[in-house]
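Participant: Sequence:
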Amino acid sequence: MLNIKQRKERGFDDIQSLDDILEILKTQFKTRKLHLKFSVDKTEVQVNEILEDKSIIIVTDSEYSPGDDTIIIYGLLDKYLELDLGVIEVLGPGYFKCKIRSVRKAAQGRRDLRFKINQEDVVATNFKFSKHTIELSGYNIPTGIKVILDQFQSSRSDMSDIVRVDVFQSGDPILERVKKTGQAVFLEDTSSPESYKALNDDFVDLTEVLGDGLKNYMKRNIEKGYKSVVICPLLYITEEEKSIPFAYIQLISTKETMGIEKMLDVKDKAFKLVDRIRDANTVLLSVHQQIDDISRGGVKLKITDENLKKYLIKARGFIFDIVFKLQAPITIYGEIKFTNYDDRGNLYIGVDFAGNSSRKDEMKRYYSMIKPRETEYKNNLMKELRRKKQLQ
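Reminder that position 177 of the sequence shown reads as 177 in this note's numbering, one-by-one numbering, no gaps.
These are calculated hints, taken from the structure and not from any lab test.
Please note that the accuracy of each hint is not assured.
Calculated lysine to any residue pairs in the SDA-like style (CA-CA distance at most 20 angstroms, straight line) [stated by the list, open to error]:
| no. | residue 1 | residue 2 |
| --- | --- | --- |
| 1 | 180 | 267 |
| 2 | 371 | 114 |
| 3 | 116 | 261 |
| 4 | 197 | 176 |
| 5 | 227 | 261 |
| 6 | 314 | 144 |
Could you put the whole structure together from the sequences, leaning on the hints where they help?
Facilitator: As structure tokens, then:
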């Protein structure tokens, strides 16, 4: 029994007419193959007969048994086509009478041709991924990362009179702006209205954020004895090179004003702190895993390593190497599009390179390796189609 999770739904157009559907099955799938959806081995399905009541007889693997009264099959025309069938009667092993409940055709064609590849010719390895995903929308972070923030705050208490290192919380308009923009706050002199203006685009303009509340904010700072305030966001860079402001370092001076050199020093320490967090949150596993099928834009991986299964099932994406025989590794970032398990507990992952952070030169090398294999597959496919036409 397969346990499948589709990460991103395909865009579909519905086909309304049942007669149109039957005509497509009768004419266009005479030579083209249909398959059972969610079948790891791409189990084939044949439409054996179309009956007068517009039900159909299908034949598939004799060991196949639908979990309920539903069978979903798919095929490729110019675009992906999916049929939702209701089982009317089981006529024998792998032999079903069905009614067509609905049919959907992909709104867009498949971007790239997928094909099987010799397992001895290519392998996936050097998987690099985060133990925990840091969410931009949330205010909670993993305990291990919170411990590092607390340690930094304790060890850097000499940076200013008040030192605070924390994740962003809702309710404070200044912190919310820092989180939203990734800009820093540099308030050199709390008693000077000019200090509340941004030096440049790297900093938050407090006069804009606070508006009519600026005078009250300025008054509170003076009453508390604050001379200067610095807030520097911690920007976590994900594997796909997206910047996520998830926490901040805040310094408050009560004895003297802090100059721009203090702001630059805090930024430097923030970069080093993020590097430490990334190192602690990153796992590298150099196991070899099978590439089940491949295309210019992605691969399907068969994951058998238990540690990889544990982490990748929860990941959004990961960095890994594709190694063609006798070639240097090609490092790629893959975004996970779907996951499913087979009956033996192997995890299959559909990975898309679209929007990836891979270097251009790496992708050029990948295309140069995949192109002759794609051409060979197309040629073999055309030969097979011509052979079938000759036999008809």
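Participant: Determine for every hint whether it applies to the structure shown.
Facilitator: Structure-based check of all given hints:
1. 180 with 267: holds, 18 angstroms
2. 371 with 114: holds, 12 angstroms
3. 116 with 261: violated, 58 angstroms
4. 197 with 176: This hinted pair holds, its Cα atoms lying about 17 angstroms apart.
5. 227 with 261: Roughly 16 angstroms between the alpha carbons, so the hint for residue 227 and residue 261 holds.
6. 314 with 144: Holds, because 17 angstroms separates the two Cα atoms, which is no more than 20 angstroms.
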